[in-house]
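Taken in order, these protein sequences are the chains called X and Y.
All the letters of the first sequence, read from the start, carry residue numbers 15 to 266 under my numbering.
All the letters of the second sequence, read from the start, carry residue numbers 10 to 132 under my numbering.
Hints are not guaranteed to be accurate.
[Claimed, not checked] Take a look, some chain X residues computed to stay more than 12 Å from chain Y by CB distance: (1) R29; (2) T35; (3) A241; (4) T244.
[Claimed, not checked] Not everything, but these chain X residues come out facing chain Y in the computed CB check (under 10 Å): (5) G51; (6) V52; (7) D217.
[Said to hold, decoys possible] Simulated DEER-style distance windows between Cβ atoms: (8) K236/X <-> N121/Y: 28 to 34 Å; (9) G219/X <-> A106/Y: 23 to 29 Å; (10) G219/X <-> A36/Y: 25 to 31 Å; (11) G61/Y <-> A48/X: 26 to 32 Å.
Just so you know, the hints here were simulated from the structure itself, not pulled from any lab data.
Model, not experiment: these values are computed from the prediction.
Glycine included, every Cβ here is placed at the ideal spot set by N, Cα and C.
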Amino acid sequence: MIMATTVTNFNPTQRVDIAYTADNSGEATVSVPALDGVITGYYQTSRPNDTLLNQNFATNLDSWTFAQSTEEWLTTFDGKSGVAHLTSTAIPQRSAITQIVADMNAGDYVVNIEYQTSGDANATVDVIIFQDATHVYTGTSATSAVWATGSHSFTLPANGQMLVQLALGDGSVNPGAEWYLNYIRLVDNTTAERGGDVTIIDDDGVDALNGNGALYQSASFKDGLMALSTTSTANVTGARAMASGVITLWVR
Amino acid sequence: MAGTVTAVEQTSVGTVKRLKLTWVSSAGGAADYTTTVPFDGDLICASFIPDGGGTQPSNLYDVTLADSDGVDVLNGLGANLSNAATVNKLKSDGLLAVAGSTLVLSVTNGGNAKGGVVRLLLR
Numbered sequence: 015m016i017m018a019t020t021v022t023n024f025n026p027t028q029r030v031d032i033a034y035t036a037d038n039s040g041e042a043t044v045s046v047p048a049l050d051g052v053i054t055g056y057y058q059t060s061r062p063n064d065t066l067l068n069q070n071f072a073t074n075l076d077s078w079t080f081a082q083s084t085e086e087w088l089t090t091f092d093g094k095s096g097v098a099h100l101t102s103t104a105i106p107q108r109s110a111i112t113q114i115v116a117d118m119n120a121g122d123y124v125v126n127i128e129y130q131t132s133g134d135a136n137a138t139v140d141v142i143i144f145q146d147a148t149h150v151y152t153g154t155s156a157t158s159a160v161w162a163t164g165s166h167s168f169t170l171p172a173n174g175q176m177l178v179q180l181a182l183g184d185g186s187v188n189p190g191a192e193w194y195l196n197y198i199r200l201v202d203n204t205t206a207e208r209g210g211d212v213t214i215i216d217d218d219g220v221d222a223l224n225g226n227g228a229l230y231q232s233a234s235f236k237d238g239l240m241a242l243s244t245t246s247t248a249n250v251t252g253a254r255a256m257a258s259g260v261i262t263l264w265v266r
Numbered sequence: 010m011a012g013t014v015t016a017v018e019q020t021s022v023g024t025v026k027r028l029k030l031t032w033v034s035s036a037g038g039a040a041d042y043t044t045t046v047p048f049d050g051d052l053i054c055a056s057f058i059p060d061g062g063g064t065q066p067s068n069l070y071d072v073t074l075a076d077s078d079g080v081d082v083l084n085g086l087g088a089n090l091s092n093a094a095t096v097n098k099l100k101s102d103g104l105l106a107v108a109g110s111t112l113v114l115s116v117t118n119g120g121n122a123k124g125g126v127v128r129l130l131l132r
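The whole structure should be built from the sequences, with the hints applied where relevant.
If you want it as structure tokens, here you go:
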């Protein structure tokens, strides 16, 4: 994913900052230029409260899929306004956006949504959390006939998945009621810093961190850090989905 | 000589010198090689990387690296190496130094036609 390596030369030590943004699987790969010397220190920082999902329907409609629950629902995208748009045509049923945020690490998250309804006082927005296909949490936002925002805080368990469900009413909705979803943002609300497991693999296939790059861990040469004389690749695994972090090496 | 060894002898790039020896053992499980240029400095780290699959060496294979005086600059740390994972040894583990000497690699007990890499960084 996004990557950058900055080398700052001090005398005689070089500081190497390797910035990464993990993908949805919590992994990142960053190329590191050739370095020359002993690694005397290693540290990793990551930034909490990253936005993991920023789904603005005005610009990214195609990446979401609507699953019509029954034939009585007409699911369309409103191309003009660029929002997800549902219109009830008969007996109201619940319909769901089937986009799932999957394979995310356990942790605390906040979902922010903006939506609008028309002609249905009972319209709701449900944020539903599953673990191994078993329902563990539902948060429902109040209805609004104007653009409004809703927010849910929840803990995503291991093997958790998030489903955002569009719900137009409880049976009393009038045919023709409309529901719009403008955006969904999923935010990592974990206050503690969390990074990933890091290896720095040189051109000979050796991990220059010598196994010291585990989550959170800092290390010095006394822990067995090695040396570099070639280009290398920084590999991050086990981070939060789309989390950002910085790996810092001191090389002398 | 026994077996075959392919060498990368990097002595002039930066301050860290690199010696990478890729070996394939003979039927008797041995491989030898003498560097073509002399090395100088402390051994910072030594990595022993066994092949996998069909050329995975025998477990507890042995590596020595002797200078012109016959001293094993690995200081015995290349004995009884694992064939399952890379083994790293550091100066703090007891690696020695080289003073303007070529180095003689000797792999033994590797098994018939097996392979691996010995990688050294010196300064």
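Each hint, compared with the structure:
{"no.": "1", "hint": "R29", "verdict": "holds, 17 Å"}
{"no.": "2", "hint": "T35", "verdict": "holds, 29 Å"}
{"no.": "3", "hint": "A241", "verdict": "violated, 5 Å"}
{"no.": "4", "hint": "T244", "verdict": "violated, 7 Å"}
{"no.": "5", "hint": "G51", "verdict": "holds, 6 Å"}
{"no.": "6", "hint": "V52", "verdict": "holds, 6 Å"}
{"no.": "7", "hint": "D217", "verdict": "holds, 9 Å"}
{"no.": "8", "hint": "K236/X <-> N121/Y: 28 to 34 Å", "verdict": "violated, 41 Å"}
{"no.": "9", "hint": "G219/X <-> A106/Y: 23 to 29 Å", "verdict": "holds, 25 Å"}
{"no.": "10", "hint": "G219/X <-> A36/Y: 25 to 31 Å", "verdict": "holds, 27 Å"}
{"no.": "11", "hint": "G61/Y <-> A48/X: 26 to 32 Å", "verdict": "holds, 27 Å"}
Taken one by one, the earlier hints fail for this structure at numbers 3, 4, 8, listed in ascending order.
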